[in-house]
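First to last, the sequence lines map onto chains R and S. The first sequence runs 185 to 417 under this note's numbering. The second sequence runs 149 to 465 under this note's numbering.
By construction, these hints were calculated from the structure, which means they are not laboratory data. Given the structure is predicted, the values throughout are model-derived calculations rather than measurements. Possibly wrong hints are sitting among the right ones.
Taking beta-carbon pairs under 7 Å as the criterion, some of the chain S residues facing chain R (in silico) [to be verified]:
| id | residue |
| --- | --- |
| 1 | T348 |
| 2 | T392 |
| 3 | Y403 |
| 4 | V405 |
| 5 | A413 |
| 6 | A416 |
| 7 | T417 |
| 8 | N418 |
| 9 | P433 |
Non-contacting residues of chain S with respect to chain R, defined by C-beta distances greater than 12 Å in every case (computed) [to be verified]:
| id | residue |
| --- | --- |
| 10 | C181 |
| 11 | H236 |
| 12 | R246 |
| 13 | L387 |
| 14 | V411 |
| 15 | G419 |
| 16 | L446 |
| 17 | A449 |
For each residue, glycine too, the CB sits at the ideal point set by N, CA and C.
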Amino acid sequence: MDLGSNVLWSSTFEGGNFDEWTSVPDARVDGIPPNSTKVSSDYAHHGKYAAVLGIDAGSDGTQQNASLDLRGQPVEAYYSAWYYLPRTISVGTFWLISKFRLRTNATDPSSSQELFDFRLSNARDGSLTLSIYDHRTGKELPLVTPAPVVPVSVWFQVEAFYRNAQDATGQLTVWLDGRKVVDLQAQPMAPNPWVEWDVVNVGVNLTPSAATVVVDDCAITLSRVGPTGTISP
Amino acid sequence: MLSLAVTLGWAGEATATDEGADPAALIGGDSRCPLPFAVWQRLVPLVPGDLLRERLTAAAEPGGSAPGSARPIQILDLGPSFLVIAGHRIREYPEPARDCAERARFAALFIAIATGADPARNDAAAVPPANTPVVSVVAAPVMSERQPRLRLDVGATAAAALDGSKAAIPPGLAVRLAFPMGRLVPVVALGVVGPSDSSTRGVDLRQWQGTVDLDLRSGVRSMGRLRAYSEIGAVLEVLADRSTNLSAASSQLSYAVGPRLAVAAFIATNGSLSPFLLLYGAWFPFAPERFALPAGDLGRAAPWTVGVTGGVSWGLR
């Protein structure tokens, strides 16, 4: 018996397009050449399709972006997506796969600013590890699990619980494949309740410069999806 | 059955020799006035020996002896009165003078009449005075063993659904109808239990359970005033589930069928109402599967239910 759902929004790309992603107001799909965003059947976490975000981030120091953006999202929710990296990348400056952004004025789009970046960096052995960069402090958030390794050529899930409170009840907790990696609690977050969540492929100075991030089964939920959860019947 | 066999055995011994018959085996009770032996002495002249044995045997047939006793005749001394029980018949005589000989005579006469003898043929003097007030004459035993035509059990229930997680024990109501027709009694019952709150994989659930069961009830076994029986049958459960913490929850009905076992006891009373207690268990091998997003599979509903029902059983004749 189907008892219902805590899934507020989801995008599985199973329509072969971005219609699910753009079904909510103020959603955007960005990928200006040489970068690209497309739905492809070359990869899929579930079903037949996934979104492929490609960038060409050479050594010229230019930031390259391919992103799927959602603005005006819930003040308190779980934000989950599955990622696939077809190959490993040597990160020169930075490489991001997700973001939370803020607005200093909730009604003014031009007041958008970065808040938390979900970064991939190389460990000494070259493996990719996940970290969360806090633009307010200019530092990475302390890790619960030291140097959480992100697999290559294997689907992995990044899920975040974000409570954008303006008092000491704010919270950002991040899980990688169900393992808690960051747990930031008891502090104010953005200056107002406005939330932007982006699934991205943003990089500067990557080797090779052509970097691909594949994304599937994105969801905003009121309870954890977790590695075994499902966002569609 | 044991009681009947023992009783018939005693009756058989009495046939061998009336003189050798043991009155203690036929006439019971704790009466000091009259003594059972004194009643026996008065009874033998009233009824021929073999006839007396035959009739006392008949009085010992199922339902014919006093409940909880192997003796077909019971004499009870109630102080200013005394009680005589002969099979289905009971009579209480007021006798404040406590004339034990007179009491024995009255008791013997009543037993002779109750067992079908004609006392005038043997001892007309034994007929009680016309003005002897009869306090009560009961055609049926005080605690009748006759099965009612219908037995209605109404009670409160507490049931636990066992699915490996912490078991809730919600309250409920049960109505059971039994149709005594022989050794096995068909039973149809309705029950409702709830609400039961549980949590699985972060999904909080509230459940109501309705049941319809069809059972066969065994013959009643007597243990003093206690009557015990068992039931075996099948139960259909209807589950109404709703999540209490999903943003988009939907109420769902589901069904399951399984075998059911129960043991129960009630206390025999003078009236038609008897308190009862019933313990039961049911197994649902194909309990419904539950699903919610994003948790996914929430597992099956509880495959086991155990419960207890207590209430009143009403025998309708």
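Each hint tested on the structure:
Because the beta carbon of T348 of chain S sits about 10 Å from the nearest beta carbon in chain R, more than 7 Å, this interface hint is broken. Taken as an interface hint, T392 of chain S does not check out: its beta carbon lies about 10 Å from the nearest beta carbon of chain R, beyond 7 Å. With a least beta-carbon distance of about 10 Å to chain R, the hint placing Y403 of chain S at the interface is violated under the 7 Å criterion. Interface restraint check for V405 of chain S: the shortest CB-CB distance to chain R comes to about 16 Å, outside 7 Å, so the restraint is violated.
The closest approach between the C-beta of A413 of chain S and any C-beta of chain R is roughly 37 Å, which is over the 7 Å cut-off, so the hint fails. Hint status for A416 of chain S relative to chain R: violated, with the closest Cβ pair at about 45 Å, above 7 Å. Because the beta carbon of T417 of chain S sits about 45 Å from the nearest beta carbon in chain R, more than 7 Å, this interface hint is broken. For the restraint placing N418 of chain S at the interface with chain R, the shortest Cβ-Cβ distance is roughly 50 Å, beyond the 7 Å limit, so the hint is violated.
Residue-level restraint check for P433 of chain S is violated (minimum Cβ-Cβ distance to chain R is 17 Å; threshold 7 Å). Listed as outside the interface, C181 of chain S is consistent with that label: its C-beta sits roughly 73 Å from the nearest C-beta of chain R, beyond the 12 Å cut-off. Distance check on H236 of chain S: its Cβ is at least 57 Å (rounded) from any Cβ of chain R, clearing the 12 Å threshold; non-interface status holds. For R246 of chain S, the shortest C-beta to C-beta distance to chain R comes to about 75 Å, beyond the 12 Å cut-off, and the non-interface label holds.
With a minimum CB-CB distance of about 8 Å to chain R, L387 of chain S fails to clear the 12 Å threshold, and the non-interface call is violated. With a minimum CB-CB distance of about 32 Å to chain R, V411 of chain S clears the 12 Å threshold, and the non-interface call stands. Every C-beta of chain R lies more than 12 Å from that of G419 of chain S, the closest at about 46 Å, which supports listing it as non-interface. Taking the minimum C-beta to C-beta distance to chain R, about 7 Å, the non-interface status of L446 of chain S is violated against the 12 Å cut.
Remark: the non-interface label on A449 of chain S conflicts with the geometry, its nearest Cβ contact in chain R lying 8 Å away (cut-off 12 Å).
Consistency with the previously given hints fails for numbers 1, 2, 3, 4, 5, 6, 7, 8, 9, 13, 16, 17, ordered from lowest to highest.
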